[in-house]
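**Q** Residue numbers (this note's numbering), protein chains in the order written: chain A, 1 to 431; chain B, 1 to 431.
Misleading hints may appear alongside valid ones.
What the simulated footprint calls covered on chain B by chain A, stretch by stretch (three residues with Cβ under 8 Å from a Cβ of chain A suffice, anywhere in the stretch; the number is not a length) [to be verified]:
1. 22-36
2. 137-147
3. 188-201
4. 286-292
5. 298-304
6. 313-322
None of these hints come from the bench; they were simulated from the model.
C-beta: ideal position from N, C-alpha, C; glycine also.
Number of protein chains: 2
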Amino acid sequence: MAIGIGLIGMGVVGGGVARILRDREREFKDVRGLDLDIRKVAVRDLSKPRAIDLFPDRFTTNPMDVVADPTIQIVVEVMGGVDAAYDLVLAALQNGKDVVTANKALLAERGDSLFEAAVQNNVGLGFEASVCGGIPIIQTLSQGLVANDIQSLYGILNGTTNYILTRMTEAGADFDPMLKEAQDKGFAEADPTMDIDGTDAAQKLALLCRLAFRQRVSSGDILKEGISHITALDIDFARELGYTIKLLGIARVVGNRIEARVHPAFVPHHALLADIRNEFNAVEIVGSAVDAQVFYGKGAGELPTASAVVADLIAIAERRKAGLGPAGAPLAPLPEADLVPIGDIQTGSYCRLTVYDKPGVLAQVAALFAGENISIETVIQHGRSETEGGTVPLIMITHDAPEAAMQRAITRIGNLSAVTEKPQIIRILHP
Amino acid sequence: MAIGIGLIGMGVVGGGVARILRDREREFKDVRGLDLDIRKVAVRDLSKPRAIDLFPDRFTTNPMDVVADPTIQIVVEVMGGVDAAYDLVLAALQNGKDVVTANKALLAERGDSLFEAAVQNNVGLGFEASVCGGIPIIQTLSQGLVANDIQSLYGILNGTTNYILTRMTEAGADFDPMLKEAQDKGFAEADPTMDIDGTDAAQKLALLCRLAFRQRVSSGDILKEGISHITALDIDFARELGYTIKLLGIARVVGNRIEARVHPAFVPHHALLADIRNEFNAVEIVGSAVDAQVFYGKGAGELPTASAVVADLIAIAERRKAGLGPAGAPLAPLPEADLVPIGDIQTGSYCRLTVYDKPGVLAQVAALFAGENISIETVIQHGRSETEGGTVPLIMITHDAPEAAMQRAITRIGNLSAVTEKPQIIRILHP
């Protein structure tokens with residue numbers, strides 16, 4: 001018997017899903033015994049030309065038609081946005097339909113109630129496509145690594161920022177021109193705010209925490225810093241010190257708490273994450289049994305994202321066919337995570353100061369660090385100013401220190417009359 | 001209701017499985033509603049002390065006790081070997097039990113009939129642990145990438161050889177001392193033949209082909225070459241040319257055929273696979289929707305392997321609990337793969353010749369390559385011999401050429417009076 005599929009949204013990802021289902025229809029039928037039938041597709045504008053010429057009679061402009069259709073068992077939500085998508089996904093779950101979504105913002109902001117609705121209605125809520133596109137990271141965490149306590153997780157979760165940082169590194173360029181290039185090449189949106197300020201990565205990290213630690217982490221509670229302040233000079237110093245700068249999402253178990261943070265980080269050259277270039281994503285997971293594993297691939301794009309949607313769809317359809325509810329560990333209710341307070345998070349830091357080239361400055365700066373009990377690992381002072389009374393960069397690498405102490409020290413250092421620019425701080429990933 | 005588990009074998013991996021099941025018993029019960037009970041354990045010697053002190057009254061020396069026990073629903077085969085394991089696994093499947101195995105040699109040699117018995121008896125045959133230890137590569141191919149035609153697959157599938165090649169590269173050492181070091185450190189067996197001659201990697205590649213292409217590939221039909229002939233000199237030249245030498249398992253779709261081969265290869269420095277060090281494994285998969293993905297982790301060891309066994313066990317137990325047979329696409333019967341004949345496989349090659357340092361030698365060698373229509377991309381001739389009539393290395397990089405033509409040319413080149421040693425050939429991985 002055919003399983004009815006409803007699509008809400010027929011943009012880039014929705015078009016990819018429809019195309020894959022059409023191209024692999026025969027294989028899914030012959031090899032897996034699955035007969036999948038796209039019965040309704042909700043779009044905003046019926047007159048818009050579609051990349052794929054499928055079932056024109058099944059389009060509707062009312063997404064509630066999809067959610068209410070009794071012949072549809074699985075709803076694929078690829079419309080994006082939060083509020084309208086929430087109402088539709090919730091209604092679908094309450095109507096006893098399984099849902100597959102690629103909508104990470106929706107799950108980050110309203111996931112608690114949606115996961116709970118899925119459990120209450122004994123239906124599946126697949127979201128492989130919402131994190132790292134086609135990389136099967138959700139499946140890996142929820143099934144492949146079930147024998148492990150997850151100890152830590154380090155991810156390059158945002159392709160736009162990784163593209164920009166890679167190009168800055170390889171072209172020796174500053175942020176603005178490389179953002180422009182990323183936009184021209186389609187790797188950054190017209191409004192790239194959510195990507196470059198770390199919000200997108202924080203939302204993905206919150207979802208990964210739910211699976212890895214079985215606790216609820218709100219993306220708003222995650223220490224978050226974007227990449228727009230990174231300069232070509234920082235990238236040069238990083239290289240000289242043996243590091244590559246990457247925007248990382250990090251979640252770790254520290255004692256009985258979870259530490260979660262998104263920020264640019266100095267990643268040692270020898271680490272695999274340092275080699276992840278351009279728009280690619282990668283996640284390193286450290287588990288109690290498997291030790292470190294890394295998963296690498298394209299984190300966005302029509303077909304990689306559609307690949308993940310279809311993987312969820314097939315897994316759910318196989319269970320539907322067998323007359324079963326969802327598999328695996330339910331994702332609600334979960335306890336709220338006991339997060340390490342942001343001020344207590346410990347990291348080493350690279351500090352780049354712009355200072356007047358005169359005696360005594362290093363002593364003043366060192367005293368302010370010492371006042372917060374922050375010890376210095378390395379100091380680099382290159383060359384001299386070419387003009388009398390000019391400025392030079394002063395680089396200091398600190399040992400691990402709490403975020404709050406670091407912020408206090410840096411505020412005071414920034415106020416020194418010998419320091420002419422806002423101090424630049426980039427955290428260091430210890431291997 | 002509890003699900004009965006039987007273990008055949010309680011060595012390194014079996015001990016790891018028992019330990020993980022004990023340590024996570026509560027979690028599997030609370031979170032997934034699974035009550036797993038190890039009801040019998042078959043061992044060779046009852047008096048041998050066990051790393052873990054579990055249920056001493058449940059040990060037996062007769063593995064048929066496990067396979068015949070009606071209270072056991074899932075049998076875990078971790079005894080190793082082929083013939084005895086085959087009889088036991090087959091009997092378990094025929095008795096309606098699901099089986100989880102870490103035994104790649106068993107599946108490579110007798111997999112056809114075991115996969116068929118699993119299908120006929122409507123039971124599961126899990127083998128995640130048989131390839132790349134704890135990396136969920138079987139799950140990824142059979143579920144995560146179900147929306148993709150797999151186009152190619154490149155794997156560092158054997159930890160022993162990768163450890164030896166890494167140490168040769170980093171210490172500038174030859175093969176023999178680094179094999180010895182690997183044995184001392186527990187990364188190579190006392191008899192390492194199956195690892196260093198490529199047999200182990202070919203068996204794993206054959207299994208991956210079954211999943212990736214849904215065709216049967218016999219590991220004996222795979223072009224296979226080991227690493228014992230690789231020298232420190234080759235590694236130096238590789239580095240100079242921008243490559244790292246890795247033992248790769250490669251399977252690709254070429255036209256309507258499958259090309260499958262295991263051999264040392266020049267891997268470009270910028271490729272992620274070039275960065276996989278020591279005993280780690282990695283697999284790069286190129287799929288029609290996701291493009292390139294890489295999966296990296298520990299390919300062997302007690303806990304990584306046990307992690308994969310337990311992942312299979314949990315997936316099967318969840319279906320058992322729901323009263324269901326195995327999931328996914330059945331792995332038998334499958335058509336036999338139409339393999340590219342070994343002589344037709346096309347690769348570029350690095351050729352290192354040891355030749356007398358006199359005029360005319362290059363012309364002779366070049367003529368023999370030309371006679372087989374093999375064109376030369378690069379020639380490197382370093383320095384001169386220090387003694388009159390001495391020898392020098394002559395390095396030539398060829399463009400792609402069929403294996404058979406290359407072998408003919410090299411045989412003739414090796415017979416030249418100016419060539420004093422057996423020519424060294426290492427194939428090149430094109431990015």
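**Q** For every hint, state whether the structure bears it out.
**A** Now for the hints, and whether the structure bears them out:
no. : hint    : in the structure
1   : 22-36   : holds (count 3)
2   : 137-147 : holds (count 7)
3   : 188-201 : violated (count 0)
4   : 286-292 : holds (count 6)
5   : 298-304 : holds (count 3)
6   : 313-322 : holds (count 4)
Hint 3 alone, counting from the list given before, is not met by this structure.
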